[in-house]
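Number of protein chains: 2
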Amino acid sequence: MAFLGGLTPSAQMNDTMQPVLIAGMWRAAEATGSFRGVDPMTRKTAEAEFPLSAWSDVDAALDAAQSAFEKLAALPGEKIAAFLEAYAAQIEQEKDKLVEAAHAETGYPRSPRLADVELPRTTNQLRLAAQAARTENWRTPILDTKANLRSARSGIGPVVVMGPNNFPFAFGSVSGGDFAAAIAAHCPVIAKAHPSHPKTTQLFAEAAHRALHAAGLPLSTVQVLYGMDPSIGLRMVADPRVGATAFTGSRRGGLALKEAADRAGKPIYLEMSSVNPVAVLPGALKERGAELADEFVASVLMGAGQFCTNPGVVLLVECEQAQAFVDAVAQKFDAAPGGCLLNEGVLDGLSRSVEAISGSGARVLTTGGAPHPTAYSAPNVLLEVGGDAFLQQPEKFQREAFGNAALIVRVSDATQLAEICGTIEGSLTACVYSAKDGADDATYDAIEPLLRRRCGRLLNDKMPTGVAVSPAMNHGGPYPSTGHPGFTAVGIPTSIVRFTTLDCYDAVRPHRLPPWLADEPGIDGLWRLVDGEWKQS
Amino acid sequence: MAFLGGLTPSAQMNDTMQPVLIAGMWRAAEATGSFRGVDPMTRKTAEAEFPLSAWSDVDAALDAAQSAFEKLAALPGEKIAAFLEAYAAQIEQEKDKLVEAAHAETGYPRSPRLADVELPRTTNQLRLAAQAARTENWRTPILDTKANLRSARSGIGPVVVMGPNNFPFAFGSVSGGDFAAAIAAHCPVIAKAHPSHPKTTQLFAEAAHRALHAAGLPLSTVQVLYGMDPSIGLRMVADPRVGATAFTGSRRGGLALKEAADRAGKPIYLEMSSVNPVAVLPGALKERGAELADEFVASVLMGAGQFCTNPGVVLLVECEQAQAFVDAVAQKFDAAPGGCLLNEGVLDGLSRSVEAISGSGARVLTTGGAPHPTAYSAPNVLLEVGGDAFLQQPEKFQREAFGNAALIVRVSDATQLAEICGTIEGSLTACVYSAKDGADDATYDAIEPLLRRRCGRLLNDKMPTGVAVSPAMNHGGPYPSTGHPGFTAVGIPTSIVRFTTLDCYDAVRPHRLPPWLADEPGIDGLWRLVDGEWKQS
Numbered sequence: 161m162a163f164l165g166g167l168t169p170s171a172q173m174n175d176t177m178q179p180v181l182i183a184g185m186w187r188a189a190e191a192t193g194s195f196r197g198v199d200p201m202t203r204k205t206a207e208a209e210f211p212l213s214a215w216s217d218v219d220a221a222l223d224a225a226q227s228a229f230e231k232l233a234a235l236p237g238e239k240i241a242a243f244l245e246a247y248a249a250q251i252e253q254e255k256d257k258l259v260e261a262a263h264a265e266t267g268y269p270r271s272p273r274l275a276d277v278e279l280p281r282t283t284n285q286l287r288l289a290a291q292a293a294r295t296e297n298w299r300t301p302i303l304d305t306k307a308n309l310r311s312a313r314s315g316i317g318p319v320v321v322m323g324p325n326n327f328p329f330a331f332g333s334v335s336g337g338d339f340a341a342a343i344a345a346h347c348p349v350i351a352k353a354h355p356s357h358p359k360t361t362q363l364f365a366e367a368a369h370r371a372l373h374a375a376g377l378p379l380s381t382v383q384v385l386y387g388m389d390p391s392i393g394l395r396m397v398a399d400p401r402v403g404a405t406a407f408t409g410s411r412r413g414g415l416a417l418k419e420a421a422d423r424a425g426k427p428i429y430l431e432m433s434s435v436n437p438v439a440v441l442p443g444a445l446k447e448r449g450a451e452l453a454d455e456f457v458a459s460v461l462m463g464a465g466q467f468c469t470n471p472g473v474v475l476l477v478e479c480e481q482a483q484a485f486v487d488a489v490a491q492k493f494d495a496a497p498g499g500c501l502l503n504e505g506v507l508d509g510l511s512r513s514v515e516a517i518s519g520s521g522a523r524v525l526t527t528g529g530a531p532h533p534t535a536y537s538a539p540n541v542l543l544e545v546g547g548d549a550f551l552q553q554p555e556k557f558q559r560e561a562f563g564n565a566a567l568i569v570r571v572s573d574a575t576q577l578a579e580i581c582g583t584i585e586g587s588l589t590a591c592v593y594s595a596k597d598g599a600d601d602a603t604y605d606a607i608e609p610l611l612r613r614r615c616g617r618l619l620n621d622k623m624p625t626g627v628a629v630s631p632a633m634n635h636g637g638p639y640p641s642t643g644h645p646g647f648t649a650v651g652i653p654t655s656i657v658r659f660t661t662l663d664c665y666d667a668v669r670p671h672r673l674p675p676w677l678a679d680e681p682g683i684d685g686l687w688r689l690v691d692g693e694w695k696q697s
Numbered sequence: 161m162a163f164l165g166g167l168t169p170s171a172q173m174n175d176t177m178q179p180v181l182i183a184g185m186w187r188a189a190e191a192t193g194s195f196r197g198v199d200p201m202t203r204k205t206a207e208a209e210f211p212l213s214a215w216s217d218v219d220a221a222l223d224a225a226q227s228a229f230e231k232l233a234a235l236p237g238e239k240i241a242a243f244l245e246a247y248a249a250q251i252e253q254e255k256d257k258l259v260e261a262a263h264a265e266t267g268y269p270r271s272p273r274l275a276d277v278e279l280p281r282t283t284n285q286l287r288l289a290a291q292a293a294r295t296e297n298w299r300t301p302i303l304d305t306k307a308n309l310r311s312a313r314s315g316i317g318p319v320v321v322m323g324p325n326n327f328p329f330a331f332g333s334v335s336g337g338d339f340a341a342a343i344a345a346h347c348p349v350i351a352k353a354h355p356s357h358p359k360t361t362q363l364f365a366e367a368a369h370r371a372l373h374a375a376g377l378p379l380s381t382v383q384v385l386y387g388m389d390p391s392i393g394l395r396m397v398a399d400p401r402v403g404a405t406a407f408t409g410s411r412r413g414g415l416a417l418k419e420a421a422d423r424a425g426k427p428i429y430l431e432m433s434s435v436n437p438v439a440v441l442p443g444a445l446k447e448r449g450a451e452l453a454d455e456f457v458a459s460v461l462m463g464a465g466q467f468c469t470n471p472g473v474v475l476l477v478e479c480e481q482a483q484a485f486v487d488a489v490a491q492k493f494d495a496a497p498g499g500c501l502l503n504e505g506v507l508d509g510l511s512r513s514v515e516a517i518s519g520s521g522a523r524v525l526t527t528g529g530a531p532h533p534t535a536y537s538a539p540n541v542l543l544e545v546g547g548d549a550f551l552q553q554p555e556k557f558q559r560e561a562f563g564n565a566a567l568i569v570r571v572s573d574a575t576q577l578a579e580i581c582g583t584i585e586g587s588l589t590a591c592v593y594s595a596k597d598g599a600d601d602a603t604y605d606a607i608e609p610l611l612r613r614r615c616g617r618l619l620n621d622k623m624p625t626g627v628a629v630s631p632a633m634n635h636g637g638p639y640p641s642t643g644h645p646g647f648t649a650v651g652i653p654t655s656i657v658r659f660t661t662l663d664c665y666d667a668v669r670p671h672r673l674p675p676w677l678a679d680e681p682g683i684d685g686l687w688r689l690v691d692g693e694w695k696q697s
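Listed in order, the protein sequences are those of chains A and B. When we follow the numbering used here, the leftmost residue of the first sequence carries the number 161, and every step to the right adds one. When we follow the numbering used here, the leftmost residue of the second sequence carries the number 161, and every step to the right adds one.
Hints may contain errors.
Identical copies go unnamed one by one, so any copy, or any two together, can satisfy a pair.
Calculated cross-link-like contacts (lysine-lysine; reagent style DSBU-like; alpha-carbon spacing at most 35 Å) [said to hold, decoys possible]: (1) 231 / 446; (2) 695 / 556; (3) 231 / 596; (4) 306 / 596; (5) 306 / 695; (6) 239 / 695; (7) 556 / 239; (8) 231 / 556; (9) 231 / 492; (10) 257 / 306; (11) 239 / 204; (12) 492 / 306; (13) 622 / 239; (14) 239 / 306.
Read the hints as simulated data drawn from the structure, not as lab findings.
Chain A with its partners taken away, still in its complex shape (with noise of 0.2 Å):
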């Protein structure tokens, strides 16, 4: 399973093998093998070794999850908000161990990608969890004074984090989007790290354990786990004192998680492989072609193209611009350097897909520059198919192709335009580059509804590398980009809605209420819905 990929199982334990965090402590694991990060720009292996724990290190932290949630429930807002916020000064004290561990395991630049955009994301989602705990606005309570009827949002309970390779500080499972919104509804964590940042990882456990320590707050509020056999992580989703479970990943990673939470009941939030179809309207190259080749290489490049929204797909409408978009590309992508991927297992299945795609019957653009020497790296790869073909077997060339590289479709016109969008697979993304003056928005208004049905975010204009922190956001799509259409992972209050249950006081006496659903909340800045009326207290 891919959240296991790339690692050295062996069962010889030894003195370097690191400790897990399980109720609380820094503790020797009950393990099954282990493993150690490995260096992507030089393919060197660290020192430390990290364990695969046996079921009975999950047991044991689900055991203090469920004791820890009972806890954290008990709490007003204001305690869970001190620890976010001493937790994102822990962080940003440790920036530089933080930048340094994380380049070794990501092959990503120290600046500014991880110290000056990743960090901040992730400590900015920390407060903004921050605010919406102490606010208790992602509790969105429902008064019907009438009925005395009063209906909040709950925490559900201890929530599993499994995060992703591509980003080890704000999708990482100990820092990111998902653990801090799984905190902010009261519910302590168990986190699997990603097998590309062990290391990294253990900075933000042992961060977050000295904000535990600080805030006063349950110290099996937040257990790390660095991994586990598959066979263990399926039955840990499945387990009764889990609540929920976040998974960013594989789409094969996922599925298998959600087969196991799904048989048993148990909510799970997937984000799986996304190919973010662009489609470029013949106006909007006649007016702005190289403009818009060099917006798309920056996109798709950019960190290797390793983004959950890198835009994979490029439906472009044939017209006199368009040979010259595609030549652009590819000699762009020919003169930028191959960038370096994660893991073995990226540049492993970078290489089938392409092989796939191109197998299936797209031709490869780009003549195949010199990839970086030592690391795992592929030459940037453009591939181009007609219409026609790609009709055909639509499902071939939507093949992730995770990593840098990118497919073109030449689409004959409108109408074909119309019949590929009709077959995009659920997506994180979808965008439309359209003439200003007009030109295209008979096309545009064509395929908007097939492409609003088939993404989260629709964008006009602007490609979808960029996910902004904001409450307006959707980091989510239709399957198979995710499991359910109608979650986001990123956007404060909302992300928070996935850790929840709906919890309804029916003539409960007044003074058994929680305080958000007290006639007088005494919380300031809380939003209620009183009486069909939104007030504000």
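Using the hints, position chain B against chain A.
Just chain B, lined up with the frame of chain A:
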């Protein structure tokens, strides 16, 4: 499977076979069999024969629904509202016929139950859904004007509604809460009638069809099938053309459908079984024991106990008044006539459950009054088990006995009560009766968190059988009472959220935004979260 219980399949088609409503036309089904309604009071089979549809019928309905969905998505909420209101008016016009048909198919009293309670509840729900459609408030628009990001909910696609046996109007597949919520979200509905009330469903479908005509909505907005082979039902909920499914019924049927839908990545909302525990604390019994016995018996025997929120398990803490309470309840059970059950399947299921629960060690306290002579009727059965025995196999004693039966658990003390509360399965409701003078407050505080996590609606001093139609209602609960603890089947606008996707617009040009996301929405009464503030337009 339970949603096909009580059928008399037959490959013989003939002239009395009723048509199905597909793609706006009443037309002959492609049938693989048929069934007839049965009057549960007389066990007499009705004249009219209803078809079990072949896949080709479902296929045609799905195609028509998908095309209707695209049209509905483009309509203003006002048009949807006009249909829902026209439909409510049609229902009122046909009231006598509907009441008569439902009376014959369910055995429920014409008045007050059908004519004065369930029918007005049904039209009220439709009108509240109309109001939500008109104000667009179910969309909960969120705007971030600085980032130019705008999100709102929109309809998820065609919705399959499979209604339960026990509410032919208010939860009916073509008239009830799921139907109203789906339509409010601009989702066409494919309704599968419950086999207990095909004639009632037909009358509703005719009324809906007329209302669609009157309101000028696509006629495929509402389609009706009467039944199908279980394998076809499973295929239907997993079909790519389906947006989501709402099912209310047995756990067995619900779980089979859930598995099929989950595998296909299709949202399914289930309301399955629930035992709805009621804890009666000593102080309450001391203060008002006789009153509580009356209240309990009225709730548990209402409608022959055929309510989703029927209080099936009483947790009675030992005290001086406990035996008197049990005696009073047993006496009332013996004295009350055994009600009429909905069909042979319910009667059989009830007998099996009572046998299983007594077979697990519960004593039957009632002496077995005469059931109704011709009806599907069983004597009221009160069972009793000790707390120790309950704790030895809690799942056995939480088997739902749908109908006029209940289990009293004799709990030794507050400690055992907490232990038992910790074994309660996910339930729609949980109630606690406690002393008004505060004598039970320590016990209440100890069990409240345990019950709170195990139910959707927590009540004080009140039986759970009244499910108010209110925005603050939660008719939902943890698995296995439903499939997800974050959703409700009653309570507009929250119930509508089940049938929506989250749609984000990122830098979309102003003239292309849907009205509810425009700078000036021009929609009366619409609440939006704009840059952190709820504002009404």
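Hint check:
no., hint, result
1, 231 / 446, "between (62 Å within a copy, 33 Å between copies)"
2, 695 / 556, "neither (51 Å within a copy, 46 Å between copies)"
3, 231 / 596, "between (56 Å within a copy, 28 Å between copies)"
4, 306 / 596, "between (53 Å within a copy, 21 Å between copies)"
5, 306 / 695, "both (17 Å within a copy, 23 Å between copies)"
6, 239 / 695, "both (24 Å within a copy, 29 Å between copies)"
7, 556 / 239, "neither (50 Å within a copy, 41 Å between copies)"
8, 231 / 556, "between (49 Å within a copy, 30 Å between copies)"
9, 231 / 492, "neither (56 Å within a copy, 43 Å between copies)"
10, 257 / 306, "between (57 Å within a copy, 34 Å between copies)"
11, 239 / 204, "neither (42 Å within a copy, 65 Å between copies)"
12, 492 / 306, "between (66 Å within a copy, 33 Å between copies)"
13, 622 / 239, "between (40 Å within a copy, 34 Å between copies)"
14, 239 / 306, "both (33 Å within a copy, 31 Å between copies)"
When each numbered hint is compared with the structure, violations occur for hints 2, 7, 9, 11.
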